[in-house]
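Could you put together the complete structure from these sequences and hints?
Those letters in the sequence shown? Residues 10 to 865, per this note's numbering, in order.
Worth flagging that the hints you see were computed from the coordinates, not collected in a lab.
There may be inaccurate statements among the hints.
[As the list claims (entries may be wrong)] Below, a list of computed lysine to any residue pairs in the SDA-like style, where the Cα atoms sit at most 20 Å apart:
hint, residue 1, residue 2
1, K295, S418
2, K690, G628
3, K295, H266
4, K770, K780
5, K141, R104
6, K394, S418
7, K808, K848
8, K756, K711
9, K734, K780
10, K34, R104
11, K713, E645
12, K848, G826
13, K713, V670
14, K403, T150
15, K690, K734
16, K711, N722
17, K537, G628
18, K695, Q724
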Amino acid sequence: MLGNWSFGDYFKQEAIQYSWELLTKVYQLDPERLYVTYFEGCKDGGLEPDLEAKALWRSVGVPEDHILPGNMKDNFWEMGDQGPCGPCSEIHFDRIGDRNASHLVNQDDPNVIEIWNNVFIQYNRETDRSLKPLPNKHVDTGMGYERLVSILQNKSSNYDTDVFTPLFQVIKEITGAREYQGRFGTEDSDGIDTAYRVVADHVRTLTFAISDGVTPNNEGRGYVIRRVLRRGARFARKYFKVEIGNFFSKIVPTIVHQLGDMFPELRTKQHDVMEILDEEEVSFSKTLDRGERQFENYAQQAAAKGAHKLHGADVWRLYDTFGFPVDLTRIMAEERGLQIDDTEFEEARSRAKEASKGQKKTAADAVKLDVHDLGTLERMSDVSKTDDAAKFAKGNINAQIKAIYHAKSFHSSTESVPHGEQLGIILDRTNFYAEQGGQENDTGRIVIDGQSELEVGDVQLYGGYVLHTGFLKYGSFAVGDSVLCEYDELRRWPIRNNHTGTHILNFALKEVLGEGVEQRGSLVAAEKLRFDFSHKSAVTEKELEKIEELSTEYIRQNCAVYSQEVPLATARQISGVRAVFGETYPDPVRVVSVGVELDEILKNANDPRWEKVSIEFCGGTHVQKTGDIKDLIILEESGIAKGIRRIIAVTGEDAHHVQRVANDFEQRLNHLQSMALGPAKEQEAKQIQVDLNQLLISAVQKTKFRERFTSINKQILDAQKAQQKLESKKAVETITAFFQAPENQDKSWLVTGLPISANAKAVSESLNHVKSKLKDKTVYVLAADGDQGRVAHGCYVSKSMDDQGASASEWANIVAGVIGGKAGGKGSTSIGNGVHPDKVDEAINLASDYLQKFKL
Numbered sequence: 010m011l012g013n014w015s016f017g018d019y020f021k022q023e024a025i026q027y028s029w030e031l032l033t034k035v036y037q038l039d040p041e042r043l044y045v046t047y048f049e050g051c052k053d054g055g056l057e058p059d060l061e062a063k064a065l066w067r068s069v070g071v072p073e074d075h076i077l078p079g080n081m082k083d084n085f086w087e088m089g090d091q092g093p094c095g096p097c098s099e100i101h102f103d104r105i106g107d108r109n110a111s112h113l114v115n116q117d118d119p120n121v122i123e124i125w126n127n128v129f130i131q132y133n134r135e136t137d138r139s140l141k142p143l144p145n146k147h148v149d150t151g152m153g154y155e156r157l158v159s160i161l162q163n164k165s166s167n168y169d170t171d172v173f174t175p176l177f178q179v180i181k182e183i184t185g186a187r188e189y190q191g192r193f194g195t196e197d198s199d200g201i202d203t204a205y206r207v208v209a210d211h212v213r214t215l216t217f218a219i220s221d222g223v224t225p226n227n228e229g230r231g232y233v234i235r236r237v238l239r240r241g242a243r244f245a246r247k248y249f250k251v252e253i254g255n256f257f258s259k260i261v262p263t264i265v266h267q268l269g270d271m272f273p274e275l276r277t278k279q280h281d282v283m284e285i286l287d288e289e290e291v292s293f294s295k296t297l298d299r300g301e302r303q304f305e306n307y308a309q310q311a312a313a314k315g316a317h318k319l320h321g322a323d324v325w326r327l328y329d330t331f332g333f334p335v336d337l338t339r340i341m342a343e344e345r346g347l348q349i350d351d352t353e354f355e356e357a358r359s360r361a362k363e364a365s366k367g368q369k370k371t372a373a374d375a376v377k378l379d380v381h382d383l384g385t386l387e388r389m390s391d392v393s394k395t396d397d398a399a400k401f402a403k404g405n406i407n408a409q410i411k412a413i414y415h416a417k418s419f420h421s422s423t424e425s426v427p428h429g430e431q432l433g434i435i436l437d438r439t440n441f442y443a444e445q446g447g448q449e450n451d452t453g454r455i456v457i458d459g460q461s462e463l464e465v466g467d468v469q470l471y472g473g474y475v476l477h478t479g480f481l482k483y484g485s486f487a488v489g490d491s492v493l494c495e496y497d498e499l500r501r502w503p504i505r506n507n508h509t510g511t512h513i514l515n516f517a518l519k520e521v522l523g524e525g526v527e528q529r530g531s532l533v534a535a536e537k538l539r540f541d542f543s544h545k546s547a548v549t550e551k552e553l554e555k556i557e558e559l560s561t562e563y564i565r566q567n568c569a570v571y572s573q574e575v576p577l578a579t580a581r582q583i584s585g586v587r588a589v590f591g592e593t594y595p596d597p598v599r600v601v602s603v604g605v606e607l608d609e610i611l612k613n614a615n616d617p618r619w620e621k622v623s624i625e626f627c628g629g630t631h632v633q634k635t636g637d638i639k640d641l642i643i644l645e646e647s648g649i650a651k652g653i654r655r656i657i658a659v660t661g662e663d664a665h666h667v668q669r670v671a672n673d674f675e676q677r678l679n680h681l682q683s684m685a686l687g688p689a690k691e692q693e694a695k696q697i698q699v700d701l702n703q704l705l706i707s708a709v710q711k712t713k714f715r716e717r718f719t720s721i722n723k724q725i726l727d728a729q730k731a732q733q734k735l736e737s738k739k740a741v742e743t744i745t746a747f748f749q750a751p752e753n754q755d756k757s758w759l760v761t762g763l764p765i766s767a768n769a770k771a772v773s774e775s776l777n778h779v780k781s782k783l784k785d786k787t788v789y790v791l792a793a794d795g796d797q798g799r800v801a802h803g804c805y806v807s808k809s810m811d812d813q814g815a816s817a818s819e820w821a822n823i824v825a826g827v828i829g830g831k832a833g834g835k836g837s838t839s840i841g842n843g844v845h846p847d848k849v850d851e852a853i854n855l856a857s858d859y860l861q862k863f864k865l
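In structure tokens, the structure reads:
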């Protein structure tokens with residue numbers, strides 16, 4: 010979409026003129042092929058026809074029979090139930106020409122298409138549905154980019170233009186499919202042309218959205234992106250017969266080549282976009298085959314019953330278990346001549362949501378094994394300790410249920426487990442990572458497709474037995490069942506990043522702070538890493554900056570990460586190897602090296618070169634190469650005990666997110682610095698100070714921002730002081746000059762407005778001057794600031810006036826009654842603040858009238 014906006018700068022006349030001139034003069038479209046619409050009005054809504062727009066179209070040369078009325082649906086835009094809205098004026102183009110096509114406008118004719126819409130935002134829809142005119146009128150224009158290109162290139166379809174042909178060409182090269190032939194509907198019997206269009210549209214959407222910072226997930230806009238990708242992935246697999254895993258990312262470079270000059274963020278984010286697309290494809294590929302098989306089962310069951318729809322609960326299961334968005338299932342159902350019962354789907358979704366709420370409440374009471382349970386397991390001859398070697402690999406595995414645990418006892422099946430209660434399952438083998446070594450456990454599911462599913466929320470290791478704990482979502486399990494183990498790869502991905510990032514951070518700490526640094530604890534979670542270490546003093550800003558630089562340098566080298574089990578005695582001899590102080594390690598111990606193969610290291614374990622390599626004892630999961638980590642950003646450094654420091658950091662997409670936040674905040678500081686001195690800048694500085702304290706960004710960057718803000722704020726404070734001093738001087742001079750004037754030397758009172766802003770301190774200082782230097786005078790002064798809606802005012806009552814019954818507080822309250830706000834004080838002085846600067850003249854008259862009842 011090509012858009013342009015005006016916020017109070019120009020309105021209908023200019024918008025219509027610009028539109029017509031661009032299309033007919035610049036793009037040289039035939040005016041005879043153009044048709045325009047205007048809002049015809051709505052009697053029920055109390056809206057008159059937009060005859061102004063009609064007249065303006067006529068004035069630029071549009072023939073009368075090409076100017077057409079339109080209804081509320083086509084020619085009145087509203088953003089929602091309430092908010093800004095207004096009439097629209099559309100421009101339509103007739104691809105054929107040499108005819109009058111006015112009767113085809115807005116009739117879904119493929120050859121008479123809308124290419125432009127001017128929205129004239131002139132009303133606000135109130136909560137009671139009434140319309141109120143806006144104080145300023147705005148224009149929101151939108152022109153169809155692809156449609157315009159198809160007209161300029163004389164193509165009958167958007168997809169025949171050079172917007173899409175380069176994408177179709179690269180899709181053909183990747184897939185080996187036949188050439189795109191522009192077929193639609195029933196003519197596209199093999200679905201290939203439709204797949205070309207779907208994939209090209211989807212990959213463009215994904216590239217732009219992810220470049221703009223939208224990360225695929227299960228909420229809001231992130232879920233929209235995930236749905237788009239999965240729908241496109243299914244089309245690619247079904248019609249192009251390609252394996253899903255790195256398909257979309259191969260098309261991204263072509264999009265960047267096409268549009269990167271106009272949208273430079275596409276170039277800077279290209280690698281990240283490709284990596285995220287691959288992650289998402291790999292994740293979906295794990296369930297796509299199984300989901301399609303299960304869909305076929307549901308479809309066959311429906312056919313066997315003579316039904317023409319899928320049950321909503323089955324549709325929900327396809328979404329919940331296999332990650333199939335509902336709109337994808339709907340497409341698959343339509344291909345089979347089936348419908349979806351949306352009511353049943355919503356009921357199933359609601360039941361699952363309510364069950365999830367209850368499960369979360371009871372999740373704190375996690376199922377745990379005690380020493381007696383372990384003793385029972387040891388006596389069960391058919392239950393061996395869990396083989397968890399697959400946790401270091403990727404992908405799903407099949408396993409067999411060996412034990413089911415619930416309510417402090419073992420069971421042969423889940424039939425006796427009440428709905429909504431947690432249970433634990435022990436398998437013969439697992440790919441789930443049990444919490445250990447500071448790394449959080451995996452989550453995921455254990456399933457028998459179409460029959461039963463356990464949502465795994467916790468995984469713990471008990472004496473060699475891995476217990477998978479969670480809630481039964483449907484169906485049942487029994488000892489001996491063969492199940493599929495599926496950990497959440499999209500959650501483990503950032504955990505891997507953070508774990509390898511922890512090793513690199515540990516290495517950088519040793520390099521910067523010295524050999525005295527020893528690990529004292531750690532946490533490796535999906536959203537952050539936490540590292541505790543021994544050090545006598547706080548890490549300085551320069552040291553933190555150097556630690557980040559070294560970590561980034563290590564990551565940028567894109568080193569391979571190696572792991573191998575090594576005899577403990579041999580492993581301890583490796584130069585520079587890192588281990589947790591006081592930890593007991595198994596023999597053999599798993600060693601993780603970043604950048605150098607362990608076989609090479611073990612050839613000469615004592616080689617001092619290994620001091621410059623990250624080598625640690627570790628049983629956790631790691632990335633394949635350091636480039637996967639992207640960046641490491643230290644958010645916080647603090648002390649947690651005497652001689653123990655803590656660093657909290659983020660990697661991967663989270664690191665990029667905090668960098669974007671920092672960049673946005675830096676733009677705010679730039680704007681603050683460029684603002685003219687005044688109340689607006691002062692207010693923005695106060696808000697920035699609050700936001701800076703809460704900012705979650707690089708600790709190094711945050712310190713720099715604090716220093717910069719302090720410098721900017723000092724300029725503001727210095728300017729405020731200078732302004733304060735100047736205005737106080739002006740206030741005193743105004744009063745002194747009045748009484749020094751020859752014509753006023755006999756006057757004992759003054760009521761006046763001051764030529765300053767609503768400066769309460771200046772008002773107060775001027776009254777103190779009267780009190781000390783002109784104590785026989787009675788004075789009331791007001792200072793107004795129309796832009797800020799404030800009034801500072803106050804009075805001093807001389808002793809002689811006080812003797813006659815005048816009261817400073819009474820006098821000030823009379824003024825406050827007019828300009829709003831409150832006033833108060835003691836004795837001869839009263840000070841106040843008002844909110845109606847437009848009533849200052851009225852207040853001056855009332856303040857003067859008050860003195861008339863006293864003998865002056």
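Which hints from the list above does the structure break, by number from lowest to highest? Result: hints 1, 2, 3, 5, 7, 8, 14 break, sorted rising.
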